[in-house]
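Enquirer: The chain contents come next:
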Amino acid sequence: MLLKRRVLLKIKETLIERLLFFCSLLSVFTTLGIILVLSFETFEFFKEVPVLKFLTDTQWTPLFINKHFGILPLLSGTFLTTLIAMLVAMPVGLVGAVYLSEYSSLKVRNIVKPLLEILAAVPTVVYGYFALLFLTPLLKKIIPSLSGFNALSSGMVMGIMIIPLIVSLSEDAMRAVPMGLREGAYAVGSNRLQVSFRIVLPAALSGIIAAFILAVSRAIGETMIVAIAAGQQPKLTLNPLVPVETITAYIVQISLGDTPHGTLEYRTIFACGMSLFILTFILNMLSFKLKRRFQEVYE
Amino acid sequence: MNRFLKLSIFGIVAVSLSCLFLAGEVFAASKLIKVDGSSTVFPITEAVAEEFQKANSGIKVMVGISGTGGGFKRFGRGETDISDASRPIKPKEIDLAKENNIEYIELPVAYDGLSVIVNPKNTWADYLTVEELKKMWEPASQAVITKWSEIRAGFPDKEIRLFGPGTDSGTFDYFTEVICGKSGASRGDYTASEDDNVLVEGIASDTNALGYFGLAYYEQNKDKLKVVPIDDGNDANGKGPISPSLGSVMDSTYQPLARPIFIYVSVKAAQKDEVKKFVEFYLKNAAELVREVGYIPLSSEAYEAALGRFQKGVTGSVFGGKAAKAGLSMTELLRMEK
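In order, the protein sequences belong to chains A and B.
Mapping of the first sequence onto this note's numbering: position 19 corresponds to residue 19, and the numbering continues sequentially without gaps.
Mapping of the second sequence onto this note's numbering: position 77 corresponds to residue 77, and the numbering continues sequentially without gaps.
Treat the hints with care, since some could be wrong.
Said to hold, decoys possible - Once the Cα atoms are required to be at most 25 Å apart in a straight line, the calculated PhoX-like pairs of lysine-lysine come out as:
#1 A:K141 x B:K284
#2 B:K134 x A:K67
#3 B:K31 x B:K284
#4 B:K135 x B:K98
#5 A:K67 x B:K121
What the hints assert, rightly or not - Residues of chain A placed beyond 10 Å of chain B at every Cβ, according to the derived structure:
#6 F134
#7 K140
#8 K235
Hints in this document: simulated from the structure, not taken from any laboratory.
Yeah, the Cβ is synthetic: ideal placement off N, Cα and C, and Gly gets one too.
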């Protein structure tokens, strides 16, 4: 009886272990599957469009008669909105993190942090319409030549969306700085500001940079906001006042329409997806490396 | 097993069973009519659907805006009952329907004066000729013609920002056909969207913008848009530049951008009581509702002819896979229908 029970228990244990193992494998296989499909369709795409053309042509009009397959206009759109987003998110996020980690009382922190996390929980489609219907008309009062769809307002709203990410990650990095460093600085007569910006910030720098890079990769991959508010015109420009199209917005546009499967037009979205994947992959690796370095410093 | 557990299991079973029954009830009570296709035709179908649902509770009408091409692809696979179309069905789409044994009845429901629109602050474009429109939109202009001053001497040296429907749109097909000479022949460097409200929003907020879409979207946003009169260079059908309006479309002087718009009803769907009822309601109330949303109604004779076609079940397209000829007048269309 007892033996039987033990055997049963063992079978149960192995079963559960297998199940857990399978679950973890599932995500690995999904990733592999995505890479495979992306690579296959991208390969087919580059059979018809030379890579050099894809990387250097300054026009992107795959759906029209006068076909051009240059990724540069989409890249410039992505770059522009990301740059604007980071210009908003980096300073605000960093100062917010310094405040939460070095200045605020526990009470304030317990209120402010959940509030910030609410900001992160707002669906991006809401942010998109916030940019289109609220921020753009507001900015138009200051800059009359602003277009209805533009990189500026969508980038700014994207920056607001990313702030919680930067605050939360940078704050973690700063709090991980050993108390001894701060105490040492206070002991030689530094004030709070000096401690924050001359001691804690440099000590947590690699963690903060990792947070920035993650934020950049989040901005590059952001879809809904730019699809709604940045426009749908692939254009090689760094002017934030006119409509642009990002890589993600293009993928949405094609997926919403009825482009027949298996055609060159259809494969453009895989080539775009691949470019996006490579970009964010590199950034994530970079951030991972930096974070590892940062963790080793005080061990 | 303790009592609490038993009780809760009983409770869960009871609740889920009653949910199932309720759901069944709801599904049985409401019949669904699925419509998809042109965003140009959408305002009419939506208005008809609204009135129809008021009069017939228990029947739901779902209207999508995939564009004429997108709509026909779903229609040809048997996914929808009715397809809105701002151009006649194309050979490829006819073949797709044939493959899936979908027969259809073609019914013209209104006329549209496809409108060329600029921002109200645009003071220079008082009119445009067909030639100038071609210069703006033809494929050869891509990345070449980028300023207003390149369209006509005297226009300001400002960047021209173009807005238009995407490649899935029947409006795109018709406009490129009559302006650029070939269906689908358009430059690609403009803001393209199947959703006309995006185009309205874009033009309304940009002084240097120009775009084109169905008349109804202009009529509904008159306060923030400006329509451009078009000169086709042919004095036989009205001298000089002419704006789209009820009168100029009816007497065929708004040329070449006036065009009929349609609904296509699947024969299989038309056998269903609710679809038959809806289409008859559509044709009987179209005249009033078409005018209300901003398009031009056909003559009552034409609606009767269409109703006759539907009730007799006349299948196929009177255009035989070809595009509607530029400047097809209402009387010509009626003759074809009969």
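Enquirer: Could you run down the list of hints and mark each one as holding or not?
Expert: Going through the hints against the structure:
no., hint, in the structure
1, A:K141 x B:K284, "48 Å, violated"
2, B:K134 x A:K67, "18 Å, holds"
3, B:K31 x B:K284, "21 Å, holds"
4, B:K135 x B:K98, "39 Å, violated"
5, A:K67 x B:K121, "33 Å, violated"
6, F134, "13 Å, holds"
7, K140, "7 Å, violated"
8, K235, "7 Å, violated"
Checked against the numbered hints given earlier, this structure breaks hints 1, 4, 5, 7, 8; the rest are met.
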